[in-house]
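Protein chains: 2
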Amino acid sequence: MALPHASLALESALRQVAAEIDRQFDLVLAVPDDPRRSLYEAMRHAAIGGGKRLRPLLVFATAQLFGVDRTCMARVGTAIECIHVYSLVHDDLPAMDNDDVRRGKPTVHKAFDEATAILAGDCLHALAFEILADEATHADPFVRVELLQTLAHAAGPSGMAGGQMMDLEAEKASFDLPTVTRLQAMKTGALISCSVECGAVLGRVPVEGRKGLRGYARDMGLAFQIADDILDAEGDEVLAGKKLRKDGEAGKETFLTLLGLDRAREQARILVDQAVEHLKNFGPEADLLRDIARYTLERDR
Amino acid sequence: MALPHASLALESALRQVAAEIDRQFDLVLAVPDDPRRSLYEAMRHAAIGGGKRLRPLLVFATAQLFGVDRTCMARVGTAIECIHVYSLVHDDLPAMDNDDVRRGKPTVHKAFDEATAILAGDCLHALAFEILADEATHADPFVRVELLQTLAHAAGPSGMAGGQMMDLEAEKASFDLPTVTRLQAMKTGALISCSVECGAVLGRVPVEGRKGLRGYARDMGLAFQIADDILDAEGDEVLAGKKLRKDGEAGKETFLTLLGLDRAREQARILVDQAVEHLKNFGPEADLLRDIARYTLERDR
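Protein sequences appear in the order of chains A and B. So the mapping is simple: my numbering equals the position in the first sequence, first residue as 1, plus 757. So the mapping is simple: my numbering equals the position in the second sequence, first residue as 1, plus 757.
Please keep in mind that the hints were generated in silico from the structure rather than gathered at the bench. There could be a bad hint or two in this list.
If several chains are the same, the list does not tell them apart, and a pair holds so long as it fits within one copy or across any two.
What the hints assert, rightly or not - The calculated lysine to aspartate or glutamate pairs, modelled on EDC-like cross-linking and capped at a C-alpha distance of 16 Å, are: (1) 862 to 933; (2) 929 to 891; (3) 1000 to 989; (4) 929 to 870; (5) 968 to 826; (6) 867 to 991; (7) 1003 to 926; (8) 1003 to 965; (9) 929 to 791; (10) 862 to 798; (11) 1003 to 848; (12) 1003 to 991; (13) 1000 to 848; (14) 1037 to 1055; (15) 1000 to 1030; (16) 1003 to 798; (17) 862 to 1019.
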């Protein structure tokens, strides 16, 4: 797909990473000739051939700063994408967001059934940790343990899943700006930050050397979410490949309802500038990270 | 609770382990003062104060053979129990087994709602890996990586979750004895074997020294499942604390339908003898493991 407003370098990186992640999923999700067939087909339906692969791209764009082996990046990117995909599968369930379309295809519980969707999500969840724990991902157990720690924290009740719970409560309560910011920092931000962090872990960057990258990830993740809120209100459902206008219908407070369109756009722009500023100690080798941050404002899907 | 037919040593070990696991859950599931409150309450409802804690007990009974620190055992046992509990929460959902009662209490989706049950399960799943990856569980990263590898494999599509998918298919197809055996080895056996294996990993037993323990876990896990099938057909719902007679209603083939009651009982007895035989290189220090195997035949819940 051609991406309007994406730089040529970003477009090429997105295409390459997407192809590598699809290849990895094709390998780890080879369909067995036994009664688990439909489980694997459901996982493939959810995981292969769709999505922007933003999180794996962030792993690549960060890890390449430190000359990390490409297979390591691909495996870590796939593990993180497993978590992202499982969260979408469960999020789309009738008891949650009740969505019929995702990435332009029927959601897993529509294409298969609810029980298969629950189990496929659970399997992708476990698979993420299986991939990270595997020696093939990184020979050094210190690196593997830190990757596992980072991902488990980002996926759990202090990260993504906790943010989703706050999001459910957002339909009942009326959250203020600090609470919405915290909700989004957990729901979307935790896994985005985890992607950059895992790139740094692969690059063996000591904790005290990760400040700039962490600042970048935090601001870029928040800008991404504000852009997502704007897209939800203003975007095209066909291009987005999913149902939009849901937050408004659910009566949830978002950056858009709290700030208004103009201030939300302005805030996102400021956050992208800050994200880029956090990379000031890097030279042109970090241009891909800079392009990713700028692209969050321009995307139409 | 007094357990009929359990040896005094086993009864005391069960009580101690149950208390330690409850204490660990109470710590890791401290309720935060924010909109995630009901998520944490749902996790506590599912995790605290119920169940036999068979899997943590197996971790203790195995690891104590090798003089492992008790806090390590408790943390690993809690992580494995997180996976077991999350699988029960998701299994009870309306789209899966649609159960209203578990461990004598309303199931999570009954006491809270379906969305909370899905997310609480997902959080317990991630929490398992967060606990194992944490330095507090074991200082040595080699040990932690092996624990993580073992649990992720046992929980995923080649283990418990794959077995659950086969179990769903069992309602549509008519499985033969080898297929039912494989289904159960994955659905229940994988996590039971993982508990013994993690005890051995904590004890730094080299892979070539684990053959007896692995044979024990395999045979004991299968005996446990046959006993479970018998309990499902013959047991008391009040004592069991959950709905019984479900396999028969669903028309599923089980060890009981395939073997008949007498041969099923006989088979379970043979498996328990084999399990005990696998421990022949251990002295009285492995009596707790032997008691656990024998108890699988006697339990009424």
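Now the hints, each set against the structure:
When the C-alpha separation of residue 862 and residue 933 is checked against a cutoff of 16 Å, the pair qualifies neither within a copy, at 35 Å, nor between copies, at 36 Å. In the homo-oligomer, the alpha carbons of residue 929 and residue 891 never lie at most 16 Å apart, since the shortest distance is 42 Å inside one protomer and 35 Å across protomers. Only within a single protomer do residue 1000 and residue 989 lie at most 16 Å apart by alpha-carbon distance; the minimum there is 8 Å, versus 44 Å between protomers. Only between protomers do residue 929 and residue 870 lie at most 16 Å apart by alpha-carbon distance; the minimum there is 14 Å, versus 29 Å within a single protomer.
With identical chains, the CA atoms of residue 968 and residue 826 are never at most 16 Å apart, being 23 Å at best within one copy and 36 Å at best between copies. Taking the closest pair of Cα atoms, residue 867 and residue 991 never come within 16 Å of each other, the shortest separation being 26 Å inside a single copy and 38 Å across copies. Taking CA atoms no more than 16 Å apart as the test, residue 1003 paired with residue 926 passes inside one copy only; the shortest distance there is 15 Å, against 35 Å between copies. With identical chains, the CA atoms of residue 1003 and residue 965 are never at most 16 Å apart, being 41 Å at best within one copy and 56 Å at best between copies.
Proximity of residue 929 to residue 791 under the C-alpha cut-off of 16 Å is restricted to the inter-copy arrangement: shortest distance 14 Å between copies versus 44 Å within a copy. Proximity of residue 862 to residue 798 under the C-alpha cut-off of 16 Å is restricted to the intra-copy arrangement: shortest distance 14 Å within a copy versus 35 Å between copies. In this assembly of identical chains, the alpha carbons of residue 1003 and residue 848 lie at most 16 Å apart only when taken from the same copy (13 Å versus 29 Å across copies). For a Cα distance limit of 16 Å, the shortest separation of residue 1003 from residue 991 inside one copy, 12 Å, qualifies, whereas the shortest one across copies, 49 Å, does not.
When the C-alpha separation of residue 1000 and residue 848 is checked against a cutoff of 16 Å, the pair qualifies only within one copy, where the shortest distance is 13 Å, while the shortest distance between copies is 29 Å. With identical chains, the CA atoms of residue 1037 and residue 1055 are never at most 16 Å apart, being 22 Å at best within one copy and 68 Å at best between copies. In this assembly of identical chains, residue 1000 and residue 1030 lie within 16 Å of each other by CA distance neither inside one copy nor across copies; the values are 30 Å within and 58 Å between. For the homomeric pair residue 1003 and residue 798, neither the shortest alpha-carbon distance inside one copy (28 Å) nor that between copies (27 Å) is at most 16 Å.
Taking the shortest Cα distances, residue 862 and residue 1019 never come within 16 Å of each other, neither inside one copy (33 Å) nor across copies (51 Å).
The structure does not agree with the numbered hints 1, 2, 5, 6, 8, 14, 15, 16, 17 stated previously, though it agrees with the rest.
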